[in-house]
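2 protein chains.
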Amino acid sequence: MLTIAYFGPAGTFTEAALATMERNGTIASPVRREPASSPPAALAAVRAGTADLACVPIESSVDGPVVPTLDALATGNPLQVIAETTLPIAFAIATRPGATATSIRTVAAYPVAAAQVQQWLHANLPGATTVAAGSNAAAADDVANDRADAAVTTDLAARQRGLDTLASEVADVAGATTSFVLVGPPASPPPRTGSDRTSIVLGLPNLPGSLARAMNEFALRDIDLTRIQSRPTRTGMGTYRFYIDCRGHIDDTAVGEALKALHRSGAEVRYLGSWPTATSDAQSPPDDTAECEWLERLRRGERP
Amino acid sequence: MLTIAYFGPAGTFTEAALATMERNGTIASPVRREPASSPPAALAAVRAGTADLACVPIESSVDGPVVPTLDALATGNPLQVIAETTLPIAFAIATRPGATATSIRTVAAYPVAAAQVQQWLHANLPGATTVAAGSNAAAADDVANDRADAAVTTDLAARQRGLDTLASEVADVAGATTSFVLVGPPASPPPRTGSDRTSIVLGLPNLPGSLARAMNEFALRDIDLTRIQSRPTRTGMGTYRFYIDCRGHIDDTAVGEALKALHRSGAEVRYLGSWPTATSDAQSPPDDTAECEWLERLRRGERP
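Chains D and G, in that order, give the protein sequences.
Start counting the first sequence at 1; every next residue gets the next number (the numbering used here).
Start counting the second sequence at 1; every next residue gets the next number (the numbering used here).
With the rest of the complex left out, here is chain D (with noise of 0.2 Å):
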């Protein structure tokens, strides 16, 4: 039975992308979920062996990168992605059984959600007020737990407390989705699937020059990136790190060959993985040969 620690409470968007995981055969064996405060909590808890893999967001299509989840992949013990997977993220109208909507007269939503329903709500329950919520989970605690007459929540979370579904997929905005990773500890990557995807964390010392090159050991290979985003360090005046995704596998040569050429130039290289990518956007770059003993490493699974 594998432990996984997700970004809880039970019924988040999180969770909800780990049961996806499970469903479609990414995850094979049984599981348990283990509800973790935070990204960086659900990290730790691998970090500290509590738990086997930890499924975290890291990118929304409207809030962007989830920094804090990369600032912990890319601090402490070294961790592995393996797997992604992508929601719409869009929520639940959830009431105690038999409600109807003239009944609602309050409506209980974490305020990042109820800034994502406004419209809806102003259109189909113009009566009812908005009260907080402190997640999207507890929006549903509250409507069980009678505080409230409905709630903006998940359809897990509905679901989970046995409560109706008013109305699904309501989101203002159409087509927000956001990016999950599962991870684990390091180990040899799933198998290259032509289709895959390769993430990094670049500590470069100054950054004009040293930026420029290592755009160009990417650029030389024809490998597209497909995130780069600059943090800065805090260690240092003009100490920047760099979150870098690109197309491709740690086993395509090109992949190979642009780590190694980023490693051999002196730069802090950490591997964060390579994995399927869960939509087809992402083709592997051109072939090539080399040899590299900290890159046959980084393949097996150690961390030299």
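There could be a bad hint or two in this list.
[As the list claims (entries may be wrong)] Between beta-carbon pairs, the in silico distance windows are:
(1) D:S103 / G:T75: 39 to 45 Å
(2) G:D222 / D:G25: 50 to 56 Å
(3) D:G162 / G:Q118: 25 to 31 Å
(4) G:A176 / D:T102: 41 to 47 Å
(5) G:T193 / D:G25: 55 to 61 Å
(6) D:T165 / G:R300: 56 to 62 Å
(7) D:Q119 / G:T75: 54 to 60 Å
(8) D:L2 / G:A174: 47 to 53 Å
(9) D:A187 / G:N77: 47 to 53 Å
(10) G:A28 / D:W294: 55 to 61 Å
None of these hints come from the bench; they were simulated from the model.
Ideal Cβ positions, reconstructed from N, Cα and C, are used throughout, including at glycine.
Based on these hints, arrange chain G on the given structure of chain D.
Chain G alone, transformed into the frame defined by chain D:
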């Protein structure tokens, strides 16, 4: 009288940032402050002409770039950043006048804020229950309106509502800051000070080679980048937008030359402004000379 839209409601950290810029002379005229429901809504007020300027958060030391602000600057009619300020993010614990710690049973808190003062509440108000509020300012309203005994809020919101402050500068992790910018319609930028920041949005058709080439235009001229972040534009596969901040002013020859080179390379360059940095971390790049009508028009506040 200037009308300045800000990310409200009254008493937010954004309003405190605006008040700081009024106090320190960044804004010279008398000001009418107009709350907006989100950073994009504050920027929309400037585009619609109902506000002269907008004050919005742009980067948190904990959560990274405020992507909705950056996205709203990158799309729609051009806007221009003219000033910045950075505030420590620490909270006030506010009560109705005369209340004592022992009489506090409930603490209203915006869930995001509650997470940042959890240890403090546990140590100082162990018997109190946290109840969710819709924003930091709404938490203060909950106390003013007798719906909670104490609020996790801002000093400004507590003062505005005549509340007492039981504790201030409360934060479990010290040192968190957020940067805010003042944004107006396109105009000649504030004069070069020698410690300035320049911000652009770069649209690149294809990632690998073009990003490396763009980085080289900065590196060649010894210009430090202080932020780079990619965002998918969702207009097509593999099409990205980059938010790039560098040290220096458009009137510094090196910065001007770099922008010119990017423009001539066919990249879509949206100039977001040059302004004095809040901190002394920015030094101008070395000097050089050149001529370019496109650049001269940007310097005059036009958008060719």
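query: When you take the CB atoms of T165 of chain D and R300 of chain G, is the distance between them in 56 to 62 Å?
result: holds, 57 Å
message: The hint says 47 to 53 Å between A187 of chain D and N77 of chain G; measuring C-beta to C-beta, is that right?
response: holds, 50 Å
field: Cβ separation of A28 of chain G and W294 of chain D, checked against the hinted range 55 to 61 Å
entry: The hinted range 55 to 61 Å holds for A28 of chain G and W294 of chain D, with Cβ atoms some 58 Å apart.
query: Do L2 of chain D and A174 of chain G keep their Cβ atoms within the hinted range of 47 to 53 Å?
result: This hint is violated: roughly 37 Å between Cβ atoms.
- prompt: Has the hinted range 41 to 47 Å been met by the Cβ atoms of A176 of chain G and T102 of chain D?
  reply: Because 45 Å falls inside the window, the suggested range holds.
Whether the CB-CB distance between Q119 of chain D and T75 of chain G falls inside 54 to 60 Å: violated, 20 Å
task: State, for the Cβ atoms of T193 of chain G and G25 of chain D, whether the hinted interval 55 to 61 Å holds or is violated.
output: holds, 59 Å
message: The hint says 50 to 56 Å between D222 of chain G and G25 of chain D; measuring C-beta to C-beta, is that right?
response: 52 Å Cβ-Cβ, so the 50 to 56 Å window holds.
query: Given a hinted range of 39 to 45 Å, is it respected by the beta-carbon distance of S103 of chain D and T75 of chain G?
result: For T75 of chain G against S103 of chain D, whose Cβ atoms are near 42 Å apart, the range 39 to 45 Å holds.
task: For the range 25 to 31 Å, tell me whether the beta carbons of G162 of chain D and Q118 of chain G fit it or not.
output: holds, 30 Å
Checked against the numbered hints listed earlier, the structure breaks hints 7 and 8; every other hint is satisfied.
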